[in-house]
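Fit chain to chain and form the complex, with the hints in mind.
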Amino acid sequence: AQSVTQLDSQVPVFEEAPVELRCNYSSSVSVYLFWYVQYPNQGLQLLLKYLSGSTLVKGINGFEAEFNKSQTSFHLRKPSVHISDTAEYFCAVSDGPSTDKLIFGTGTRLQVFP
Amino acid sequence: EPEVTQTPSHQVTQMGQEVILRCVPISNHLYFYWYRQILGQKVEFLVSFYNNEISEKSEIFDDQFSVERPDGSNFTLKIRSTKLEDSAMYFCASSEGSYNSPLHFGNGTRLTVT
Numbered sequence: 001a002q003s004v005t006q007l008d009s010q011v012p013v014f015e016e017a018p019v020e021l022r023c024n025y026s027s028s029v030s031v032y033l034f035w036y037v038q039y040p041n042q043g044l045q046l047l048l049k050y051l052s053g054s055t056l057v058k059g060i061n062g063f064e065a066e067f068n069k070s071q072t073s074f075h076l077r078k079p080s081v082h083i084s085d086t087a088e089y090f091c092a093v094s095d096g097p098s099t100d101k102l103i104f105g106t107g108t109r110l111q112v113f114p
Numbered sequence: 001e002p003e004v005t006q007t008p009s010h011q012v013t014q015m016g017q018e019v020i021l022r023c024v025p026i027s028n029h030l031y032f033y034w035y036r037q038i039l040g041q042k043v044e045f046l047v048s049f050y051n052n053e054i055s056e057k058s059e060i061f062d063d064q065f066s067v068e069r070p071d072g073s074n075f076t077l078k079i080r081s082t083k084l085e086d087s088a089m090y091f092c093a094s095s096e097g098s099y100n101s102p103l104h105f106g107n108g109t110r111l112t113v114t
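These protein sequence lines map, in sequence, to chains A and B.
Position 56 of the first sequence, counting from 1, maps to 56 under our numbering, and the rest follow consecutively.
Position 28 of the second sequence, counting from 1, maps to 28 under our numbering, and the rest follow consecutively.
Just chain B, same shape as in the assembly (with noise of 0.2 Å):
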């Protein structure tokens, strides 16, 4: 069954570093997203992405967040300037964007930020 991979599985960064978050979409899919989970807490929907813009964003994803799809497989998240609260999960995830499909999500990457 296809999936969507994520790398690196861990990364840490110092304070104040750009960092990127790399994901391949399952191939088929259209619609990106981008959630995060900050230890012990909720799964957060950070940014969706569809037809090369972003179509949806949380109050999280501020100007230190970006994302891009460069390739027609890969699908990055790119924060700025790294701060001690982004240490979190990364999940990436994609979708077919049909009625009643559902979101695949990655394994997810480790960002600590020290």
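This is chain A alone, in the form it adopts within the complex (with noise of 0.2 Å):
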């Protein structure tokens, strides 16, 4: 069964500085993965999602992912946040892109200070 590992349960920091938050999956023949986003008193949007082609991968917000095959990784990255970045971030796996049933990690609550 596909799972996710996402190592940091916070990351602090400041206001305009880079920010990598980690997500490592279980090996699958064919994966799809996914990053959301939960602002607070707010559903899950999504962010970005790699399902076949260039291993970066651009979503909104200023926010890419790399797909790196050899170490089943998938981190999230900006290189200058904001204060309104501020959220809890998932990554997720599924078996497929449209799928019934995403796998989702415990989550990374980034805090941007100022």
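What the hints contain is simulated information worked out from the structure, not anything from laboratory work.
Wrong hints could be hidden among the right ones.
Claimed, not checked - Distance ranges between label pairs, derived from CB positions: (1) A:Gly53 with B:Leu39: 34 to 40 Å; (2) B:Leu84 with A:Ser70: 19 to 25 Å; (3) A:Glu66 with B:Gly40: 26 to 32 Å; (4) A:Asn68 with B:Val24: 34 to 40 Å; (5) B:Lys78 with A:Asp8: 48 to 54 Å; (6) A:Gly53 with B:His10: 18 to 24 Å; (7) B:Gly40 with A:Ser84: 20 to 26 Å; (8) A:Asn68 with B:Ser81: 30 to 36 Å; (9) B:Pro70 with A:Pro12: 28 to 34 Å; (10) A:Ser70 with B:Asn51: 35 to 41 Å.
Said to hold, decoys possible - Only pairs whose alpha carbons sit at most 30 Å apart, straight line, appear in this in silico DSS-like list of lysine-lysine: (11) A:Lys69 with A:Lys49; (12) B:Lys83 with B:Lys57; (13) A:Lys69 with B:Lys78; (14) B:Lys57 with A:Lys49; (15) B:Lys57 with B:Lys42; (16) B:Lys57 with B:Lys78; (17) B:Lys83 with A:Lys49; (18) B:Lys83 with B:Lys42; (19) B:Lys78 with B:Lys42; (20) A:Lys69 with A:Lys58; (21) A:Lys58 with B:Lys42.
Claimed, not checked - Simulated coverage check for chain B against chain A, where a stretch passes if three residues somewhere in it have a Cβ under 8 Å from a Cβ of chain A: (22) 38-45; (23) 106-112.
Just so you know, even glycine gets a beta-carbon here, dropped at the ideal spot from N, CA and C.
In structure tokens:
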């Protein structure tokens, strides 16, 4: 069965600094990877997804992620964060691109300080 | 942009009581889902629904749970006899179901069982 590991439960960072949120998945023949963001008191919003093709995926709000098959990772990055990026970030994996079942990680709380 | 709406935002119920969580998916979507997140834990898949029947369900989705699409717009999750461990945030989601179509999540209903 697929699984996702987000090693960092919390990541504190100062505004305008770069950030990387780590995600590792269990190996599979085919895998589809997603990052979702949850702002306070809101639902889960899709940031970006990797289905196939280029391993560098660009998403909304200046975020990007790189699919690394050899390291089974899909780390999320942003070169310069804003206060408004403070949120919970979830990595997820599925067996299909438009799937019934997403397997989520435990989430990483990004806290941006002024 | 169309969105998935969930009501109520917070539901408090006593153990053993029945509770119904309501969702209005995006109107042209065909696939509907419930996920839940127990405080401090992962977001977990509960059930998917397509063409008026369950297409997949997890081990969590036992006989105490049921889903229904009573009309053309609502999608409900019923818990027949709530337990303390049912306390969680419940997320509804929907998708078009076609290749490359992501899940759209609602803001969630926080269920507290006392």
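We went through each hint and held it up to the structure:
{"no.": "1", "hint": "A:Gly53 with B:Leu39: 34 to 40 Å", "result": "37 Å, holds"}
{"no.": "2", "hint": "B:Leu84 with A:Ser70: 19 to 25 Å", "result": "44 Å, violated"}
{"no.": "3", "hint": "A:Glu66 with B:Gly40: 26 to 32 Å", "result": "28 Å, holds"}
{"no.": "4", "hint": "A:Asn68 with B:Val24: 34 to 40 Å", "result": "39 Å, holds"}
{"no.": "5", "hint": "B:Lys78 with A:Asp8: 48 to 54 Å", "result": "37 Å, violated"}
{"no.": "6", "hint": "A:Gly53 with B:His10: 18 to 24 Å", "result": "42 Å, violated"}
{"no.": "7", "hint": "B:Gly40 with A:Ser84: 20 to 26 Å", "result": "24 Å, holds"}
{"no.": "8", "hint": "A:Asn68 with B:Ser81: 30 to 36 Å", "result": "46 Å, violated"}
{"no.": "9", "hint": "B:Pro70 with A:Pro12: 28 to 34 Å", "result": "46 Å, violated"}
{"no.": "10", "hint": "A:Ser70 with B:Asn51: 35 to 41 Å", "result": "40 Å, holds"}
{"no.": "11", "hint": "A:Lys69 with A:Lys49", "result": "15 Å, holds"}
{"no.": "12", "hint": "B:Lys83 with B:Lys57", "result": "19 Å, holds"}
{"no.": "13", "hint": "A:Lys69 with B:Lys78", "result": "40 Å, violated"}
{"no.": "14", "hint": "B:Lys57 with A:Lys49", "result": "24 Å, holds"}
{"no.": "15", "hint": "B:Lys57 with B:Lys42", "result": "17 Å, holds"}
{"no.": "16", "hint": "B:Lys57 with B:Lys78", "result": "14 Å, holds"}
{"no.": "17", "hint": "B:Lys83 with A:Lys49", "result": "36 Å, violated"}
{"no.": "18", "hint": "B:Lys83 with B:Lys42", "result": "19 Å, holds"}
{"no.": "19", "hint": "B:Lys78 with B:Lys42", "result": "21 Å, holds"}
{"no.": "20", "hint": "A:Lys69 with A:Lys58", "result": "17 Å, holds"}
{"no.": "21", "hint": "A:Lys58 with B:Lys42", "result": "25 Å, holds"}
{"no.": "22", "hint": "38-45", "result": "holds (count 5)"}
{"no.": "23", "hint": "106-112", "result": "holds (count 3)"}
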